[in-house]
Amino acid sequence: MSISNEILLALPELSLLSMACLVLVVDAFSKDPDHRITYWLTQISLAIVFLLVFTSIPDEPRLAFHNSFIDDAMSSVLKCFICAITIIVFLYSYEYLKENKLMKGEYFVLGLFAVLGMMIMSSAYSLLSIYLGLELMSLSMYAMVAMNRKSAAASEAAMKYFILGALASGMLLYGISMIYGLTSSIQFTEIAAISMTSVENSRFLVFGMIFMIIGIAFKLGAAPFHMWVPDVYQGAPTSVTLFISTAPKLAAFAMAIRILVDGLFPLVADWQSILMVLAVLSMAIGNIVAISQTNIKRMLAYSTIAHVGYLFLGLIAGTINGFAGSMFYIISYALMSMGTFGMIILLGRYEFEAKNLEDFKGLSGRSPWFAFIMMCLMFSMAGVPPFLGFWSKWFVLKELVASGYFALAAVSVVFSIIGAYYYLRIVKLMYFDKPDKMTAIKATKQMRAVLTANGLLILVLGLLPNSLMQICLTALAH
Amino acid sequence: MIELIVFYIFGALLLGAATMVVVMRNPVHAALFLVLAFFCSAAIWLLLQAEFLAIALVLVYVGAVMVLFLFVVMMLDINMVTIREGFARYLPFGLFVAILMFLVMGLVVSSDYFLSDAFSTFSHVREGYSNTQHLGQTLYTEYLYQFEIAGAILLVAIVAAISLSMSKAKVTKAPNPGDQVTVKKQDRLRIVKMDAEGKE
Numbered sequence: 200m201s202i203s204n205e206i207l208l209a210l211p212e213l214s215l216l217s218m219a220c221l222v223l224v225v226d227a228f229s230k231d232p233d234h235r236i237t238y239w240l241t242q243i244s245l246a247i248v249f250l251l252v253f254t255s256i257p258d259e260p261r262l263a264f265h266n267s268f269i270d271d272a273m274s275s276v277l278k279c280f281i282c283a284i285t286i287i288v289f290l291y292s293y294e295y296l297k298e299n300k301l302m303k304g305e306y307f308v309l310g311l312f313a314v315l316g317m318m319i320m321s322s323a324y325s326l327l328s329i330y331l332g333l334e335l336m337s338l339s340m341y342a343m344v345a346m347n348r349k350s351a352a353a354s355e356a357a358m359k360y361f362i363l364g365a366l367a368s369g370m371l372l373y374g375i376s377m378i379y380g381l382t383s384s385i386q387f388t389e390i391a392a393i394s395m396t397s398v399e400n401s402r403f404l405v406f407g408m409i410f411m412i413i414g415i416a417f418k419l420g421a422a423p424f425h426m427w428v429p430d431v432y433q434g435a436p437t438s439v440t441l442f443i444s445t446a447p448k449l450a451a452f453a454m455a456i457r458i459l460v461d462g463l464f465p466l467v468a469d470w471q472s473i474l475m476v477l478a479v480l481s482m483a484i485g486n487i488v489a490i491s492q493t494n495i496k497r498m499l500a501y502s503t504i505a506h507v508g509y510l511f512l513g514l515i516a517g518t519i520n521g522f523a524g525s526m527f528y529i530i531s532y533a534l535m536s537m538g539t540f541g542m543i544i545l546l547g548r549y550e551f552e553a554k555n556l557e558d559f560k561g562l563s564g565r566s567p568w569f570a571f572i573m574m575c576l577m578f579s580m581a582g583v584p585p586f587l588g589f590w591s592k593w594f595v596l597k598e599l600v601a602s603g604y605f606a607l608a609a610v611s612v613v614f615s616i617i618g619a620y621y622y623l624r625i626v627k628l629m630y631f632d633k634p635d636k637m638t639a640i641k642a643t644k645q646m647r648a649v650l651t652a653n654g655l656l657i658l659v660l661g662l663l664p665n666s667l668m669q670i671c672l673t674a675l676a677h
Numbered sequence: 030m031i032e033l034i035v036f037y038i039f040g041a042l043l044l045g046a047a048t049m050v051v052v053m054r055n056p057v058h059a060a061l062f063l064v065l066a067f068f069c070s071a072a073i074w075l076l077l078q079a080e081f082l083a084i085a086l087v088l089v090y091v092g093a094v095m096v097l098f099l100f101v102v103m104m105l106d107i108n109m110v111t112i113r114e115g116f117a118r119y120l121p122f123g124l125f126v127a128i129l130m131f132l133v134m135g136l137v138v139s140s141d142y143f144l145s146d147a148f149s150t151f152s153h154v155r156e157g158y159s160n161t162q163h164l165g166q167t168l169y170t171e172y173l174y175q176f177e178i179a180g181a182i183l184l185v186a187i188v189a190a191i192s193l194s195m196s197k198a199k200v201t202k203a204p205n206p207g208d209q210v211t212v213k214k215q216d217r218l219r220i221v222k223m224d225a226e227g228k229e
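Those sequence lines, one after another, are chains W and C.
Counting in this note's numbering, the first sequence runs from 200 upward without gaps.
Counting in this note's numbering, the second sequence runs from 30 upward without gaps.
Treat the hints with care, as some may be off.
Listed below are the simulated BS3-like cross-link pairs for lysine-lysine, each with C-alpha atoms no more than 30 Å apart in a straight line [said to hold, decoys possible]:
1) C:K202 - W:K349
2) C:K202 - W:K303
3) W:K644 - W:K303
4) W:K230 - C:K213
Please keep in mind that the hints were generated in silico from the structure rather than gathered at the bench.
Using the sequences provided together with the hints, build the complete structure.
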């Protein structure tokens, strides 16, 4: 393939990079304190990239740049979701930043670069591109967490995130260097081919793989590498928490699939048992510790940890259907998390964040409609049929049972019942408790409309889960 | 033979300089010895025919990083007494770690792998071979994509650093000549009507 064709394959990435640079320059010269131009340019660039990816979803995987870039159905689908989710995240963020006087043009520039990093991770086909994409994404995220410099909690969260993130990157690199030392390649197909044939080296390959799994687990926030999650979720500005808990999870999922399935599938038996430990620990710690939380952001952080545990269950199943189940899980989690944090932003006002569970007391009296949307989201998170969250658990568990892991499936069902308690507690607070104050909800029409659409999407997709599942299945079919 | 002599000279210099970095009381002197240590390592790289690494070490570390380091050392008023306070307390632990690392390194170097013939002879690269050229060619062809991403990462680092450290408040007190020329009397002078005060 000629170099111009290869560049065309990476057109979405290239256009995002150039648009991000344009936004950066335009923002430097704009005098508007609300950064309206920056915001709209950012949204337009994301929409353009979305269209570019959406119109060129390939049937066959295509490799470029000396096999370090892949354009296949999985990367395209994930990129589409990443762009679409980020557009909505920025819409929520814009309201939040304006309301809390945190508006800075760099927020959107760094956000665009983070999206670029996620896209690079989704279509990386060598260990080096994965690592670079990861660093691009993480670096932007660290800065976004630290953006509110007046808040000591945000600075502390950023510091923790940065140091632990650097440590995790180091672990990942250590694993990569071991794999490279044994296979003398950083390209996934070659690594897969070599690890298939060299039996005498497989013990050392597993060693390198463990370090890479630590890196993946850290980025996804799986126990026991979850220490940063609660602090960062709580300390960061809510709009950044919203961002961190949605789109990057899709990129981390892509990273897991590329490394474990495309690269190290011959070692499937080894990584299955490692993931099993991570999954059970995550589900246990996430669901049990979340019960005692009073801060809603912290509670949702523990709920993320638990959800990552369920995500791993699909990978443990080790079949195409299981991986598709995991992909379904992570996409639906991103949609639910987006709605929930959007709701927290909606209920907050200047210098007052809906940070405690008590703030949801009697929401049905203040705004029956948003209480209903929040109820949909919480039911979905808990896995109550017919919402989306039920189906994501259903698909994952079905594949797990089909692969013969009955005990693990039973354990995860038990933990999901434990988890249902703290989701349903919010519903109880909203509908059966008296509110402390009856202040009206102040939000723009846009925000209300998108949040409504977000909540209804969870319900509609829950009624028609097969359409999304079909997309995930075709994405992973190659 | 000549190579071996040169290696031992620079090796000894490197060890000496590295020791001085730790021992020196004056931080500026320590930083200067670090420059010497980098320079000696660059010479050893050259001896190993890795001229690109040697040049990069001198340009990047000696030229840029160490100068910055010196600036920081000179700007900050570091109280050496407080830094040295824990020396005796941490010495046993430090010695333990150092001996452990020394033993581990000894184990690795004395393993069969490093004692094999491949390491006992030093092979010269063929004449006319330039590893700078080779590196450049690989970097801009095979690793073009990764190279561009690395560029984006550096850009993000700049944006992040500026956005986190820049405060919007204008702190400069520099006068604007244009404003000074166009200033009117009423901008500066305030005439207040007052009743005359009597003598006390």
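message = Hint by hint, where does the structure go against what was stated? Just the numbers, ascending.
response = Checked against the structure, no hint fails, so every one of them is satisfied.
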